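J.: Put together the whole structure using the sequences plus the hints.
If you want the building blocks of each chain, they are given just below.
Number of protein chains: 2
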Amino acid sequence: MSISIDGVGGDGRLRVSPRDDAGREASRHWRRRIDARLAELVPPEDQAPSPLHQAMRYSLLAGGKRIRPVLAIQVATDLGASIEDVLDVACAVEMVHTASLILDDLPCMDDASLRRGRPANHLVFGEDTAILAATALLNRAFGVIAECDRLPAQTRIDLSRLLSESVGSHGIIAGQFCDLRIRHGHGDDVAGLTEMYGQKTGALFVAALEAGARVAQVEEPWVRAVREYAVNLGLAFQLLDDLLDTFGSSGDVGKDTRQDDGKSTLASRLGAHGARQEVHRYVESAASALEPLGSSGLQLANLARDYTHATMERVAAI
Amino acid sequence: MSISIDGVGGDGRLRVSPRDDAGREASRHWRRRIDARLAELVPPEDQAPSPLHQAMRYSLLAGGKRIRPVLAIQVATDLGASIEDVLDVACAVEMVHTASLILDDLPCMDDASLRRGRPANHLVFGEDTAILAATALLNRAFGVIAECDRLPAQTRIDLSRLLSESVGSHGIIAGQFCDLRIRHGHGDDVAGLTEMYGQKTGALFVAALEAGARVAQVEEPWVRAVREYAVNLGLAFQLLDDLLDTFGSSGDVGKDTRQDDGKSTLASRLGAHGARQEVHRYVESAASALEPLGSSGLQLANLARDYTHATMERVAAI
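Respectively, the protein sequence lines represent chains U and V.
Take 1 as the starting number for the first sequence in this note's numbering and just add one per residue.
Take 1 as the starting number for the second sequence in this note's numbering and just add one per residue.
Calculated from the structure, these hints are not laboratory results.
Computed from a prediction, not measured in an experiment: that's the story for all the values here.
All C-beta atoms, glycine included, are put in the ideal place defined by N, C-alpha and C.
It is possible that some hints are incorrect.
Unchecked claim - Which stretches of chain V does chain U cover? Using the computed rule of at least three CB atoms under 8 Å from a CB of chain U, they are:
{"id": "1", "segment": "51 to 57"}
{"id": "2", "segment": "121 to 130"}
{"id": "3", "segment": "134 to 141"}
{"id": "4", "segment": "146 to 155"}
{"id": "5", "segment": "161 to 168"}
{"id": "6", "segment": "175 to 185"}
Unchecked claim - So the derived label-pair ranges between C-beta atoms look like this:
{"id": "7", "chain 1": "V", "residue 1": "L123", "chain 2": "U", "residue 2": "K65", "range": "33 to 43 Å"}
{"id": "8", "chain 1": "U", "residue 1": "R183", "chain 2": "V", "residue 2": "E45", "range": "15 to 25 Å"}
{"id": "9", "chain 1": "U", "residue 1": "P107", "chain 2": "V", "residue 2": "A48", "range": "18 to 28 Å"}
{"id": "10", "chain 1": "V", "residue 1": "A62", "chain 2": "U", "residue 2": "V190", "range": "31 to 41 Å"}
{"id": "11", "chain 1": "U", "residue 1": "R224", "chain 2": "V", "residue 2": "S295", "range": "50 to 60 Å"}
{"id": "12", "chain 1": "V", "residue 1": "Q217", "chain 2": "U", "residue 2": "R224", "range": "32 to 42 Å"}
{"id": "13", "chain 1": "V", "residue 1": "R281", "chain 2": "U", "residue 2": "E220", "range": "52 to 62 Å"}
T.: In structure tokens:
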């Protein structure tokens, strides 16, 4: 059985095969579990220093698609782990993601005013508190992983190392740094932009998915397959984000749009049509990467197609 | 044998007993080892993204007293570990400390211009890069601990958890948040200031020293004794820092002084004489806390006295 045959027609075009209702209901259920658990994993608002905890919770519990933790749970449960095994690890990934959003929005970075449908953290709590809240969320992510008593110590060590590599100066942080440089015209060719997307977005997709696979204790060839899927899905996701940014309005998207006006993005370099084709190519590569997993990879492959299909429809509808 | 009898006269006053030359030479040797290892543990300057790595190295390798990693090495080696066992853990603590200094100096925080005798990180690299460099250093600290292959996985987990608690929204980050509020007149009584010092400075002293004890795999009562020593030494250290800030010049101290003018500090609340007495009281309490360790605690107790004595002399000489 080849998953790619399932998803791509003989003409090489993506054949969208949305997940069944059970798959979608599972994602909705996981999002509720993630939201509830995130609320438990950071201190309550009334605990001193209260404004700091308010700021952490404001951004962390503001909704969001939770795509990274859902992916972590999807892969872990598909590969034999329980949701309880992976839930806190998934939440740690979301904490890192939220920390990166708070920092990205700062006046000295993207200077954004809207995020997840609400005013950016620093506009509500001040720049100083926003920076401290972001730092506290990143730091808490490592604490959460260390506290995962259900997992063997060696697995937790592997996860901590993985998270540090994904965040670090070759991962998300490198991506944000290069994104800022690209605003000033450095490295804004397709190769440079693709590398930056791989760091800024892809690195945490890799962390989320590899973490799920490691929680499920699968062998290295399967971990490598999941990583390959993650790299490609991350690029597809960021390209879709470009397309939404270019064609959406703030009300549709929940964050500032046209942020990229006057700035090179991969979508602007490739054009709308080219960007759509690239999305399909990346999703196809993601699905193909899962072939070694056999039927255990089907839900993941369909999740990628489903998300892409839904987002493409939003782009078309806007 | 009681260590406190060794350090405090019958009149209850501190009897300074500087360490012997061998002890001081050991500290100098460790500082060289720490500096050399820190340089290896972060990417080289010419590795992309180069300015980000330059910014990380600029603050991390700018010298500094290295008091926290030296304390980690002192306690670990006194309690039976080798310097190789503890060196990377000590370096991780120094990375966290450096990250906190970069963030503290930002315009939206303390707005400081001089640190470790050089212009503050954001003045050289820009605010955006400074924030990313600080985040990368904090993140790298967790990676370094995860990579300590000499240590059992469970010990690394314990260290990661310890570091996260020390940094977090009840530790250094809480301390920095409360410090900013105190600038605006909130909680600037002796109790509030002491709590803030315990978080902002004490928490990482506790992390450094408890980490050293955990590397040496000692029993819990000894870990608790070392923590108690750390809490008291941290408070003494911060009070000495107040005194240097009040009586020193930038050239002497290597960072902005009189930063605290017009702001409540514990030293300004207690007065110079009262602050000196409190330093002695904390150092005495630190030494007493080590009694359960017997002769294994002597070097640590003397290190606390030695550092205090030397700093008091600097304050008097200025």
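J.: Quick check: do three or more residues in the segment 51 to 57 of chain V have a beta carbon closer than 8 Å to a beta carbon of chain U?
T.: Coverage by chain U holds here, the residue count being 4 at a Cβ distance below 8 Å.
J.: Can you confirm whether chain U covers the segment 146 to 155 of chain V, using C-beta to C-beta distances below 8 Å and requiring at least three such residues?
T.: Answer holds; 5 residues pass the 8 Å Cβ test.
J.: Checking C-beta pairs, does the segment 175 to 185 of chain V have three or more residues closer than 8 Å to chain U?
T.: With 5 residues close enough to chain U, the hint holds.
J.: Under 8 Å between beta-carbons, do enough residues of the segment 121 to 130 of chain V, three at least, approach chain U for the coverage claim to hold?
T.: Holds, because 4 residues of the segment 121 to 130 of chain V bring their Cβ atoms closer than 8 Å to Cβ atoms of chain U.
J.: Do the beta carbons of R183(U) and E45(V) sit within 15 to 25 Å of each other?
T.: Once the Cβ atoms are compared, 23 Å apart, the range 15 to 25 Å for E45(V) and R183(U) holds.
J.: Are R224(U) and S295(V) spaced within 50 to 60 Å by their CB atoms?
T.: Taking Cβ atoms as reference, R224(U) and S295(V) lie about 53 Å apart, which means the hint holds.
J.: Is the hinted range of 31 to 41 Å satisfied by the C-beta distance from A62(V) to V190(U)?
T.: holds, 39 Å
J.: For Q217(V) and R224(U), compare the CB-CB distance with the range 32 to 42 Å and indicate the outcome.
T.: holds, 36 Å
J.: Looking only at beta-carbon atoms, does the pair R281(V), E220(U) fall within the given range of 52 to 62 Å?
T.: The hint (52 to 62 Å, Cβ to Cβ) holds, given that R281(V) and E220(U) are roughly 57 Å apart.
J.: Mind checking the hinted window 33 to 43 Å against the Cβ distance between L123(V) and K65(U)?
T.: Once the Cβ atoms are compared, 38 Å apart, the range 33 to 43 Å for K65(U) and L123(V) holds.
J.: Count the residues of the segment 161 to 168 of chain V with a beta-carbon closer than 8 Å to any beta-carbon of chain U: does the count reach three?
T.: holds (count 6)
J.: How about the segment 134 to 141 of chain V: do at least three of its residues have a C-beta closer than 8 Å to a C-beta of chain U?
T.: holds (count 6)
Hint compliance for this structure: every hint is met.
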